[in-house]
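2 protein chains.
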Amino acid sequence: MKKTLIMNGHFISTIKGKSSIKGCMVIEGDLITYIGEETPEPKENYDEIIDGTNKLYMPGLVNTHGHAAMSLLRGYGDDLALQIWLEEKMWPMEAKFTAQDVKWGTSLSILEMMKGGTTTFVDMYDHMNEVAKAVEASGMRGVLARGVIGLCPADVQTAKLIDATEFAKTWHGAANGRITTMMSPHAPYTCPPDYIERIVQAAHDLNLPIHTHMSETSREVQGNVDQYGLRPVAHLEKIGVFSRPTLVAHGVHLTDEEISVLQQYDVRVSHNPGSNLKLASGVARVPELLRAGVKVSLGTDGAASNNNLDMFEEMRLAALIHKGVSGDPLAVPAAEALLLGTKMGAESIWLDNVGLLQPGMKADFIALDIDQPHFLPKTDFVSHVVYSACAKDVVDVCVDGNWIVRKGECLTMDEEKIKREFELCFDRLIG
Amino acid sequence: MKKTLIMNGHFISTIKGKSSIKGCMVIEGDLITYIGEETPEPKENYDEIIDGTNKLYMPGLVNTHGHAAMSLLRGYGDDLALQIWLEEKMWPMEAKFTAQDVKWGTSLSILEMMKGGTTTFVDMYDHMNEVAKAVEASGMRGVLARGVIGLCPADVQTAKLIDATEFAKTWHGAANGRITTMMSPHAPYTCPPDYIERIVQAAHDLNLPIHTHMSETSREVQGNVDQYGLRPVAHLEKIGVFSRPTLVAHGVHLTDEEISVLQQYDVRVSHNPGSNLKLASGVARVPELLRAGVKVSLGTDGAASNNNLDMFEEMRLAALIHKGVSGDPLAVPAAEALLLGTKMGAESIWLDNVGLLQPGMKADFIALDIDQPHFLPKTDFVSHVVYSACAKDVVDVCVDGNWIVRKGECLTMDEEKIKREFELCFDRLIG
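The listed protein sequences derive, respectively, from chains V and F. The letter at position 223 of the first sequence is residue 223 when you use UniProt numbering, and the numbering goes up by one with no holes. The letter at position 30 of the second sequence is residue 30 when you use UniProt numbering, and the numbering goes up by one with no holes.
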């Protein structure tokens with residue numbers, strides 16, 4: 001088994017206490033086996049020795065909500081309200097998407113994410129075989145679900161459910177375990193209750209979690225009350241969604257009581273601050289969710305509503321916006337924002353062995369070039385990562401013990417080909 | 001006079017209408033003399049021809065509020081309320097700052113700013129001769145003021161005022177006009193009214209504008225009412241500040257009536273969204289200020305409260321946060337955020353010939369590398385600049401017709417020496 005030593009680096013190995021150490025990390029196969037200030041064994045015992053001078057090593061970022069293929073719609077229909085943006089801009093264009101579009105749109109997003117330090121991402125979309133194949137080829141970790149919209153005839157509903165189930169069965173545990181799957185009703189407002197119940201039953205049968213959008217806008221909440229007499233949380237609870245392990249995206253409009261329900265069922269919330277701000281959906285009650293003990297993580301959402309896939313920016317937004325809006329300068333401090341983007345992200349998608357640089361954890365980590373003005377003085381690197389860094393500071397990325405980015409270059413995919421094919425897809429879609 | 005042609009580039013030349021053109025730009029001396037789709041003259045007429053393929057040219061960014069030397073305090077005392085942060089963390093450390101510290105702290109910030117696409121910045125600090133010398137050496141444009149705090153004996157007040165006046169006189173119009181100066185009482189809560197009046201009189205005598213902090217926190221507003229019986233706007237109006245052209249930083253806590261007063265006096269507001277969020281000061285009423293016709297621009301503030309000097313991030317925050325907080329997805333659209341960071345920034349500091357790529361304007365512009373996933377598809381570059389770009393996408397920077405950054409490398413200052421000297425200063429300050 002290959003044994004690699006990284007020396008002379010700065011490492012964010014634990015979030016509490018001392019924010020980083022200067023020292024060494026050892027990787028054996030797909031695992032981290034040592035982290036500390038001293039070199040644990042003579043140098044001749046290692047197959048590879050890497051000089052980590054002027055590099056900051058930290059856990060890879062975990063993006064818990066997105067639609068990667070939507071990079072094809074980046075900048076298309078900005079500055080609109082969510083429902084109009086969705087119904088008049090996104091859905092008509094997405095209706096034209098073929099498997100090829102999903103392949104190249106997703107590949108471009110994977111490139112952007114991996115080069116920017118994201119090592120794991122959640123994807124909810126259509127043509128998911130293409131997404132899974134791209135994840136497999138990229139070397140990233142993916143938690144994938146065929147998102148189904150149930151506003152269609154019964155036979156189409158059934159066909160979509162079969163597609164989602166087949167996908168989930170086929171790919172769960174694939175790519176050396178780098179791919180896991182979920183079942184995903186798109187949202188309570190796009191799926192009739194009986195259809196959601198069938199999806200939940202399928203998730204029970206397959207022993208898989210559920211991922212859905214929930215309580216993203218006040219209009220959605222009101223619509224749910226109008227249609228079903230319940231707010232989305234009570235509605236989803238009633239039809240049994242929370243009987244499965246569940247990850248909801250957004251959770252912007254929540255009452256204290258709803259937060260308490262989410263905590264009771266251990267429902268995890270993917271906070272998407274960039275997307276929620278851009279679509280004017282509002283500001284999620286993240287400090288309250290965290291205080292209640294709900295697992296919160298961070299997602300970029302699709303590039304059409306963000307418009308990049310920079311998880312450093314989501315950590316920074318999470319650290320900044322809740323301070324500004326609540327008036328509490330201690331809301332979501334830097335160390336907590338970093339946890340949301342790493343360890344809590346991993347836990348939110350049922351990955352207990354990634355998101356932290358510790359012996360026994362998977363070797364999913366990234367290195368940032370800290371020989372730059374915005375990383376000086378070399379004091380609190382947790383602060384610098386959250387308040388000062390960006391995706392483009394990332395130079396090296398390792399997932400499952402394999403390097404997928406070195407010196408800023410992607411080692412696993414053909415970047416030029418992806419950009420070219422992406423532009424051809426876009427030209428055809430817009431034409 | 002040197003004549004340069006840039007061909008095959010994308011250019012953001014006007015903010016309204018078509019968001020960018022593909023074509024050419026001509027620079028003669030320190031001016032832009034042509035921009036358009038066709039090459040205006042045969043190629044042999046140019047001294048230099050630059051291939052702009054895969055580059056997006058746009059006006060250099062204008063940072064209208066900051067304290068560059070505070071990069072020495074980046075990450076020092078995060079996650080605290082403004083007054084505690086200021087009184088218990090910043091001021092005791094700043095009291096130790098020597099001219100050398102200001103020299104190297106400022107130089108590091110200038111490096112970060114120029115490499116990140118900022119071509120003009122406002123600085124309010126002490127030891128301003130060092131700041132002006134660094135601006136001169138860097139090739140950037142600076143609007144500089146010796147910020148004075150009047151909480152001191154009369155003789156010290158007088159000495160500071162003389163220092164500020166001498167500085168403003170000496171440097172106004174220096175470095176081929178790249179440096180202009182202002183007079184700067186630090187804030188209504190740090191300067192007694194009679195002292196502010198003396199500073200205003202000096203500004204009258206020198207025919208210079210005023211720059212001050214104002215209405216940054218609700219605590220400051222309440223303190224002003226408690227001490228002087230007036231909110232800060234009425235207080236500054238009463239003691240004659242607005243009789244001079246004035247730029248105020250922050251302006252977070254403003255009533256409708258105060259906004260109207262600012263509009264009447266044509267007082268300009270530097271909006272610092274990152275700093276205001278981080279210090280939990282609140283969210284400025286930017287949509288209302290803009291609707292009232294107040295000139296709003298963007299500032300990073302010092303690195304201690306931001307914590308980087310990335311003006312792309314300030315544009316993005318301005319475009320995002322006002323949507324999320326107001327619930328209006330049309331608040332501060334991308335084109336408006338870009339104006340705040342460029343043309344309106346320049347106008348806010350009385351520079352009428354920078355901030356726009358148009359014939360007759362100063363050749364202050366930057367180029368971004370757009371051959372990257374987050375700039376695809378190549379549709380709306382104004383959207384991509386505001387919602388997707390970051391400082392590190394900048395590859396070339398030109399100010400006053402001179403290249404100061406090419407291919408990401410600073411041409412005018414010794415980056416390695418600056419980083420080294422900066423760290424020595426920090427070690428001494430913290431030791």
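Source of the hints: derived by calculation from the structure; they are not laboratory data. A few of these clues could be false.
[What the hints assert, rightly or not] Computed list of lysine to any residue pairs in SDA-like fashion (alpha-carbon distance at most 20 Å, straight line):
hint : chain 1 : residue 1 : chain 2 : residue 2
1    : F       : K22       : V       : Q201
2    : F       : K378      : V       : Q201
3    : V       : K160      : V       : Q201
4    : V       : K419      : F       : D369
5    : V       : K419      : F       : R198
So, going through the hints one by one against the coordinates:
| no. | hint | verdict |
| --- | --- | --- |
| 1 | F:K22 with V:Q201 | 54 Å, violated |
| 2 | F:K378 with V:Q201 | 43 Å, violated |
| 3 | V:K160 with V:Q201 | 14 Å, holds |
| 4 | V:K419 with F:D369 | 14 Å, holds |
| 5 | V:K419 with F:R198 | 61 Å, violated |
Checked against the numbered hints listed earlier, the structure breaks hints 1, 2, 5; every other hint is satisfied.
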